[in-house]
Each structure stands twice: as C-alpha cells, then as structure tokens.
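Colleague: Chain U: place on chain E using the hints.
Here is what each chain is made of, one letter per residue.
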Amino acid sequence: MLAHREGYRSVEHLKRYTTMGMATDQGKTSNVNALAIMAGLQNVDIPSVGITTYRPPYTPVTFGVFSGRDKEDFLDPVRKTPMHVWHEDHAAKFEPVGQWHRAWYYPKPGESMHDAVSREVKAVRTSVGIVDASTLGKIDVQGPDAAWFLDMVYTNAWSKLGVGKCRYGFMCGEDGMVFDDGVTSRIAENHFHMTTTTGGAPRVMSWLEEWHQCEWPEKKVYFTSVTEQWAVMAIGGPMARQLLGEVCTDIPLDDAAFPHLSFKEATVAGVPARIFRITFTGDLSYEINVPPSYGLHVWRAFMQAGEKYGITPYGTEALHVLRAEKGFVIVGQDTDGTVTPQDLGMDWIVSKAKPDFIGRRSMLRSDTKRPDRKHLVGLLTEDPKIVVPDGAQIVEHLKDRPPMTMLGHVTSSYWSPNMDRSIAMGLVKNGRNRLGQTLYACWENNRVKMTVTEPKFFDPEGARVNG
Amino acid sequence: MVETYQRRSALAHFSLNALANQSGTGGGITLGESAHRAIINIRGDATDSAFTAAVKNATGCDLPLAANTVATAGDIRILWLGPDEWWVVGTDARRAGLIDGLRNAFAGQHTNVTDVSESRTIITISGPASRDVLARGISNDLHPRAFGPGQCIQTSLSRANVLLHQTDNAPSYEIYVLKSFSDYLWRWIGLIAEDFGMVVKAE
Chain E
1 MLAHREGYRS
11 VEHLKRYTTM
21 GMATDQGKTS
31 NVNALAIMAG
41 LQNVDIPSVG
51 ITTYRPPYTP
61 VTFGVFSGRD
71 KEDFLDPVRK
81 TPMHVWHEDH
91 AAKFEPVGQW
101 HRAWYYPKPG
111 ESMHDAVSRE
121 VKAVRTSVGI
131 VDASTLGKID
141 VQGPDAAWFL
151 DMVYTNAWSK
161 LGVGKCRYGF
171 MCGEDGMVFD
181 DGVTSRIAEN
191 HFHMTTTTGG
201 APRVMSWLEE
211 WHQCEWPEKK
221 VYFTSVTEQW
231 AVMAIGGPMA
241 RQLLGEVCTD
251 IPLDDAAFPH
261 LSFKEATVAG
271 VPARIFRITF
281 TGDLSYEINV
291 PPSYGLHVWR
301 AFMQAGEKYG
311 ITPYGTEALH
321 VLRAEKGFVI
331 VGQDTDGTVT
341 PQDLGMDWIV
351 SKAKPDFIGR
361 RSMLRSDTKR
371 PDRKHLVGLL
381 TEDPKIVVPD
391 GAQIVEHLKD
401 RPPMTMLGHV
411 TSSYWSPNMD
421 RSIAMGLVKN
431 GRNRLGQTLY
441 ACWENNRVKM
451 TVTEPKFFDP
461 EGARVNG
Chain U
1 MVETYQRRSA
11 LAHFSLNALA
21 NQSGTGGGIT
31 LGESAHRAII
41 NIRGDATDSA
51 FTAAVKNATG
61 CDLPLAANTV
71 ATAGDIRILW
81 LGPDEWWVVG
91 TDARRAGLID
101 GLRNAFAGQH
111 TNVTDVSESR
121 TIITISGPAS
131 RDVLARGISN
141 DLHPRAFGPG
151 QCIQTSLSRA
161 NVLLHQTDNA
171 PSYEIYVLKS
181 FSDYLWRWIG
191 LIAEDFGMVV
201 KAE
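For the protein sequence lines, the chains are E and U, in the order given. Going by our numbering, the first sequence opens with residue 1, and the numbers climb by one from there. Going by our numbering, the second sequence opens with residue 1, and the numbers climb by one from there.
Calculated directly from the structure, the hints in this document are not laboratory data. Positions of the beta carbon are idealized from the N, C-alpha and C atoms, including for glycine. Please note that a few of the clues may not be correct.
Stated by the list, open to error - When the alpha-carbon atoms are kept at most 30 Å apart in a straight line, the in silico DSSO-like pairs for lysine-lysine are as follows:
| # | chain 1 | residue 1 | chain 2 | residue 2 |
| --- | --- | --- | --- | --- |
| 1 | E | K122 | E | K326 |
| 2 | E | K326 | E | K308 |
| 3 | U | K56 | E | K219 |
| 4 | E | K71 | U | K201 |
| 5 | U | K56 | E | K220 |
To be verified - Listing some non-contacts, in silico: residues in chain E with all C-beta distances to chain U over 12 Å:
| # | residue |
| --- | --- |
| 6 | P47 |
| 7 | R203 |
| 8 | P355 |
| 9 | I386 |
| 10 | N418 |
Pulled out of the complex, with its shape left as it was, chain E reads as follows:
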C-alpha cells in the first residue's frame, strides 16, 4: 500500500520496493497476495495488474535441497573414541564435548544419575576407577627451540624440565587471561608431548602455529597434532598401582622408580604404551596412552584384571566432581576469558624468573595487579544438603528484590559424595580477602547462605597422589 501511495504502481516497481517476487520462489507465494492488493488499490482485476519477470529458479527450492543428507544423526558428525563401543555396550549415557561424545556416567539398572555418579566418585577414592580420556588434545612438539617455545607460550618454566618428567601449565592470551591448560611431558631433550583441553585442541594448535609463523619464524620447532594417534585411559585410586602392575610387568612402578609427574615407555597388556603418572582427580593415577587400534583391548584388560578390586568405569560427570573436590579448575568453566592465573590463586604457576612469555606484560598492568579482582574461592552452603546451580549470582547484602550488587557467580557446584555435602567454587570480587565471610547465592527466588573458603575441599594437603 505504501508502494502504491508513493507511486510505485508498475509491478516491476512494486517488486523492487517490496522485494516480493524475488528470492528462491520468485514470487509464487508472496507475489500473488501483493498483486491482489495492488489490483484492489487500483480498482482493477488481478490479471490486468500483470506479473513480474521470473528468473531461475522458476520452481521453489525446498529446504531439503539445501540440507541434503545433513539431517538427524548426519546433522553434525559425532566423533567417537576407540573405546566408544564398550561404553555403548555398558549402557553409558553420553555427553557432547565439542563434536565428541564422551561417556558421561554408567547407570546400573535402577540407578539415577545422582546414584551412578556418587558410586563412581566413591569408587575412585576407595579402590580404582577408569576413564576414557582419549579426547584430550595432544600436540607433538619437536626441535632444538621446542623448550624455548614452551617457555613463551606457557606462564611457567620449561627449559629445565628433566627428560621423562611432566609438568602442568597454563597458556594465556596476550591479555594475560587463561585460555587453555594441560600437562606437557619431555620425551627427549628436543621433544615434548603437549596435552590440551578437549575443546581447545584446534585453537591451541592454531595459536602455536600463529606465533611460530608470524612472530618467531626463525625458531626451529615443529608442531604436529597427534590427538588421535593415542587412545588414552586414566586409571586412578588407591589400587591403581597394584592394578597397573598386573598388566604392565616390564618396568618398576614404585615411587622411586616411577614418581608422580613422570612418564615411562612400557608394555601394557602386550601393547607398547606411554604411561604418564599424572592426575586430574588428586588420586594415585596413571594415564595410559596406547595405539587406538589396541585401545579396546587394553581397556578390556584393565577391566578384567581390575575386577577383584571392583574397578569402576567412570564418566565425565564423576571426573568433574572428583576434580572439584580437589579444587582443580576447568578452563572454560571456572574461567571465562577474564581470569588470570593469579585470580585463580595459582600465582605459583607464573614464572618470576623468565624474561618474557605471552601475557606477561598484561599481568603488570595496574588493573590485573589490583588485589580486589574477582578471585576463585570455595563456597560452602550453610545447609550442606543444598547444591546451588552453576551460574547462581553471589551477593553480599540481600535486598527484597533485584537489583542487588553482584559480587560474582558460582562456576562449579556439585554434590560431593566423599565430603557428604555440597561443594562449590565461584569467582567473587575480592574473594580471597573474604575468607570466612558469609555471602548469599541467589537464583530465581532462592537465597542461600554460603561461607567463603579456600577452593580445596578434599585431601587439601595432597597426600593421595602417593596412593
């Protein structure tokens, strides 16, 4: 009608004014109505208004043509680990992590998710559990400048890491904010095995290549993605060493020969393996890396040998509870791109001696140095039975209704079977200077009293890594 009023009365003008008669159906739906309206306004019958010129495609294109076969389970590829079929056969529920489907928990008949996760979490602390960790990103780093390069991309020091040793590290952006973490091990003088988060693997690979190609092309180092060169299973718990000793007999496993944060090449269930003694649960733990074509075989060998210990396969949910009991962070859950290592209370991981590393200069800014930034702290509910939801807002002074001044939010919150109470961590403004203070978690109409604590709940002295 507007077109008509402004004098766009020819059908071709109407088309350009309104875009009716364009696009994939060339007006077969919308145009008919427009032409009828125009006919009404001009007081003539519809055919005398005329029709616009059709251009290919003359017939409507269905959504099916655009989508093709990319529907239902072809909508997006599901990436599966070499042990995926075992998880399926054992009734695992799966959780999407990027395109991967990871075993989430393994409910027994009649068990709720809460029951299954609690059972899995307890089993790891009391006997031994096994988890499929194949999805972790892995990057092979080689060259005479490999150690120099790691010194630049991680916040801590790598040059002096001994051959056969492993170390945990944070990578920060130029802004000094944490963007990935993982354990990297020195395979040989000029050869490292780097691990990254599952979701961050491609990003870290691009990050390394960008700094190498754009900033330090003269450095002699090569990066190769080897994420899928290895199937990885972690066995953890007080019985882990005994269990490993039954399927791996060609190396000594005692603390002196194979200490925490070291790695060995050995034979596991007849298969050549790299074994890393590292832990994401805080327990005595080994990450067994084997060729994927033998992944299922080695997994089954552990299940068989572990039967007498009550070996318990556990999923990502139990893994997250276990790490939260220890206060270990998940990058991307407890961090959001605005969090420095210092904000996490992990000042120890930032080298004071290194002349430079990515993010160092930003850590010297007044804003990143101020003592009242948001810090990661523990948050314990007054009522131990209440598990507050992730994302609940933290408030100091309650009012009858919002808005209230928000100090931060809950980042990780779980029922802890080993503490027999709820546990939570959160980012709270000036948090480390509030230890012992009472704050409130708020969501919807709920207001829950919480006490600020250190973000360590279980085994705070870290004795359990020794079994």
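Modeller: Showing chain U alone in chain E's frame:
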C-alpha cells in the same frame, strides 16, 4: 607382544567382511577400508637438497614438490600436504623401519618425523560412480581435466576433514580420515552410494 587378532580397525564395528558376503556383485561403487597403514608425517625445507636426498635415501621415493601431488616407488607413496610437509605412506610392516630410516637419514638437520599412522584410517572407494558419490559432499572439481591419478587434496567430504588421493582411472580414491570421524563418514558415504548400487569389499 599382543596377539594381532586383538587389533581393531576403526570400522571394525561395521563387520565389513560380513557386509561383503551379503553384498551382491556389480554395483557402481565398491567401498572398503584399508586399515593399519603406516603414515609418517615429515617436515623439512624442500629447497634443501640434503633434505630431499635424505628422503629419497630413506624411502627410495622422490619427494613430490608440486602442490597436491603424490610420488610412488614400489609400496611407498609420498603425499604432498604443504610446502614443508608430507606424508610417507607404506604398509604396516614397514612402519618402524621407515621411522628409523627417516630419523637416521635426517640426523643433524632441522626436520621432523612424527608417526601419525594410528590417527587415521583409509576408506577406499572405487568404480564408475565414485566421482558422483564424492561430488555430493566435496566442493572441489574432480572432473578428469582437473583432478586425476597421482593427485591428492586436503578438503572436507560432507562434514569431515579428509585427504583424498586418486589412485587410478576406474576411478579409485583413497580417503584418509581421522578415526573419530570414520564412523560418521563411512555411514555418510554408504548412504549416498546406495543410490548408485554399492558393494562392500572384504578387509
């Protein structure tokens, strides 16, 4: 050492041998899996004759320098991945020997040898309709005037990243794919290939 029957290919859960028995004869497409091949990633300076000579020395095969080409010598193939990156591909039995041979030949040079054999499997597709099947999921021109035997390309096939290598004029192709994507890709290719009549090749 472990019994070899414990070794599983990435597509083992599809029981390709059973599928092969059920398959009729004569389709436009023959699909299969070539599992457990040696794939060694090498890096180096293509303009350095010491490097190219060392590759030749260790593998018996010339290093292909033209983009997206494959050099072959006996049972060894070298696939061009980038200006300083290649895959040396051979039988499983030659894997350890190739790695050692390349490392020894490269001694003193800034090069790189990384075993990536276990990260990928290879889906083989052959027959007159292969090109039509691939065309449904690939944006590159596979017409004989643009792509033929001895050429390879890194691209996406439907929603999986692959390296595609044409091996003959049947036409036959080898599709290198990360194992985690192989379940998806096999089912996708199978779905498309049904339109053309498909036979599964035994392992």
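Colleague: Tell me, which hint numbers fail for this structure?
Modeller: Violated hints: none; all satisfied.
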